[in-house]
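K.L.:
Okay, here's what each chain looks like letter by letter:
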Amino acid sequence: MSILTRLTEKSWEPGAQPVERDRPSAGAVGTVAYFGVALVMFSLLVAAYLMRMGLHGGMGHEHDWKPMPDPPLLWINTLVLAASSVAWEVARRKRMVSAAAFGAVLGALFLGGQLLLWNHYQAAGYALSGNPANAFFYLLTALHGLHIVGGLFAAGRALAAANMRNIALCALYWHFLLVIWLVLAALLLST
Amino acid sequence: MATTLADDLRPLHHPHSWVTKYVWSQDHKVIAIQYSVTAISIGLVALVLSALMRLQLGFPGLFPAIQPDNYLQFVSMHGMIMVVYLLTALLLGGFGNYLIPLMIGARDMVFPFVNMLSFWFYLLSVIVLVAGFFVPGGPTGAGWTLYPPQAITEGTPGHQWGIATMLVSLAIFVAAFTMGGLNYVTTVLQARTRGMTLMRMPLSVWGIFTASVMGLLAFPALFVAAIMMLFDHFAGTSFFMPTMQSMGAITDTQGGSPLLFQHLFWFFGHPEVYIVALPAFGIVSDLISVHARRNIFGYRMMVWAIVIIGALSFLVWAHHMYVSGMNPYFGFFFATSTLIIAIPTAIKVYNWLLTLWRGDIHLRVPMLFAIAFIFTFIHGGLSGLFLGNVSVDVPLSDTFFVVAHFHMVMGVSPVLVIFGAIYHWYPKIFGRMWNETLGKLHFWITFLGVYAIFLPMHYLGILGVPRRYYALGETAFIPQSVHLANAWISIAALIVFVAQGMFFFNMIWSLFRGPRADPNPWGAASLEWLTPDTPPGHGNWGPHLPVVHRWAYDYSVPGAARDFIPQTEPRT
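As you go down the protein sequences, you meet chains A and B in turn.
Using the UniProt record's numbering, you'd call the opening residue of the first sequence number 1 and step up by one each time.
Using the UniProt record's numbering, you'd call the opening residue of the second sequence number 1 and step up by one each time.
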């Protein structure tokens, strides 16, 4: 039944009793619904980023937006997160708990890399309040990092129980966070 | 996976002690009551604040304890508490939690543990909010919209700690709502019982479901705005803070955009209006249908209208910002999209009226409140048509006309529905009946009272009386009669304020002394009235889930033995 058929059902007329198909698990639906929430949050931040970046110059003032440099660590972290996503995908397809554990470790490694990146910028004098570009960088990476932390927590529970269904959901979540990170990294690199 | 469909009690968490049953409870009905009691308690605080504001406005100078700073703090806290912590929490956390599983034939929400966490996060957010009253400088006085830069700049009451507690509390609230909202949405999609198609769900569920989806997509904007303002406040960033002079000195901040905050705030703020309104729309449809003994007129159109209103409400946010300055084409776009919402909304109003037409109307207390809602909602909706137009809005902006408009449309209207809904479902929730006479008295004083309060406010607004002013003083354009009207409004407000005591007395007294209620006192057809126990036990349905054979609105069907046919009755 397509969504259109469902929404045009004339439920007041006597009709055949509907046949129930198997529904996707509640966890899957809940996870996808959460993607909607996170997607809106990051989209709004990206919109705010672009607006704040263009606004000052657009108003005829001197540009106060000073982009940050792009150290190689940014690329390394991106690769680590991509590898983590690949490991999760292997775990999902081959039903391998060990691959999932490897994916989680790579996820934690990515977090460590992000902390190193923060230290690197701090040492180079890019403080949070120094420039709006810095502020957005720290805010975006912090929120993305918090999502990884949440994912690691869920992954820990799924791994402890060796629950393949939840491991598959974790894999989906990791792909989602990878896509978000690629967008954020592209934004940081291109501006 | 069909675990939620099977007659399987395993997934349920069974409480063993009083504490796990009533405190750390995972039962949706207990959580619903916890949510409701917390929301109503903090709502009472906001009600007291409004009474204090009215004392000041009606009788300026008579109460020296209310200083200008206090007045602004009362305005700000009253607004935020009523919109977010009372209405949103009560309609979704309270009614959503109680009604969704019962109306769709589920044993509980699909994630009971997350549901429990949702309540405790909500309670935490309320505690942090209340802490704002006790921090140095008191709560924020920046207005409920919390616009920067003034919200965090010296000169605004609570600019140091009051605003911080408010922002932290909002961030926690968003987390709580997200956990709850994911539950409501997933439960509606996943846990409907056999035969309960989407279009057999009562409109209450449709309203709450759509509002939950909207909340999930709108609250992130508030979250982001709150976090960014906290950064500006404590870390010295310049997301929202422009270059400016404060108290004679140039501030450290530069280049930030106050408009950016307004966009984020209203991207949440406007859908929020409908997050409050849609559950009310749904519930009132059910009340009208049950008490008029008629099927709801145009059920499919009612569902589509709910969904369309929900979608459109994400495209109108900048109509709150006409006076902030914008490209005229933007103003044109947002005025047009705003006025388009009138179409699905008008469809709903006509359908309510057509449901009543030639119905077998029983004027019981819930029905009185439902009909009163139609009055106040049409009223508030019509003044919205004025404010949606840029050229009319600009002179009326920040006057009492706006105050009157939004109180009618999203204050009074949902509150009337909430009263109606509490009277309607109370016999099922507690298994007792309340006092009819006291209920009717409460209704008439409240209904006539809100007109006595808000009708004159429109007039004040057209005269140009500004909102958020501590005192009007002597000004050339404000005639003496305004002061008289203000005194009248205040007296009416205080009477309505005191009259709410009847409601609370009725509810609490009936809890212990009310007569035992019939399991289905109104002769309603929807599932929540068909539980084996009243009040419903843990797991709701006894050993077997109900099976649904028809929609929820088979009232006064020709040839039927009774004037309603329960949803579980098979077709012959």
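Worth flagging that the hints you see were computed from the coordinates, not collected in a lab.
Keep in mind the model is a prediction, meaning the values are calculated, not measured.
Errors might be hidden in some of the hints.
Among chain A residues calculated to face chain B with C-beta under 10 Å, some are [said to hold, decoys possible]:
#	residue
1	R6
2	W12
3	P14
4	P18
5	V37
6	M41
7	A48
8	D64
9	P67
10	L74
11	T78
12	N119
13	H120
14	Q122
15	Y138
16	V179
Don't be surprised by glycine CBs; every beta carbon is placed ideally from N, CA and C.
K.L.:
Would you mind marking each hint as holding or not holding in the structure?
P.N.:
Results for each hint:
{"no.": "1", "hint": "R6", "in the structure": "holds (5 Å)"}
{"no.": "2", "hint": "W12", "in the structure": "holds (5 Å)"}
{"no.": "3", "hint": "P14", "in the structure": "holds (5 Å)"}
{"no.": "4", "hint": "P18", "in the structure": "holds (5 Å)"}
{"no.": "5", "hint": "V37", "in the structure": "holds (5 Å)"}
{"no.": "6", "hint": "M41", "in the structure": "holds (4 Å)"}
{"no.": "7", "hint": "A48", "in the structure": "holds (6 Å)"}
{"no.": "8", "hint": "D64", "in the structure": "holds (4 Å)"}
{"no.": "9", "hint": "P67", "in the structure": "violated (15 Å)"}
{"no.": "10", "hint": "L74", "in the structure": "violated (21 Å)"}
{"no.": "11", "hint": "T78", "in the structure": "violated (23 Å)"}
{"no.": "12", "hint": "N119", "in the structure": "violated (17 Å)"}
{"no.": "13", "hint": "H120", "in the structure": "violated (19 Å)"}
{"no.": "14", "hint": "Q122", "in the structure": "violated (13 Å)"}
{"no.": "15", "hint": "Y138", "in the structure": "holds (8 Å)"}
{"no.": "16", "hint": "V179", "in the structure": "violated (17 Å)"}
Violation of the numbered hints given earlier is confined to hints 9, 10, 11, 12, 13, 14 and 16; the remaining hints are satisfied by the structure.
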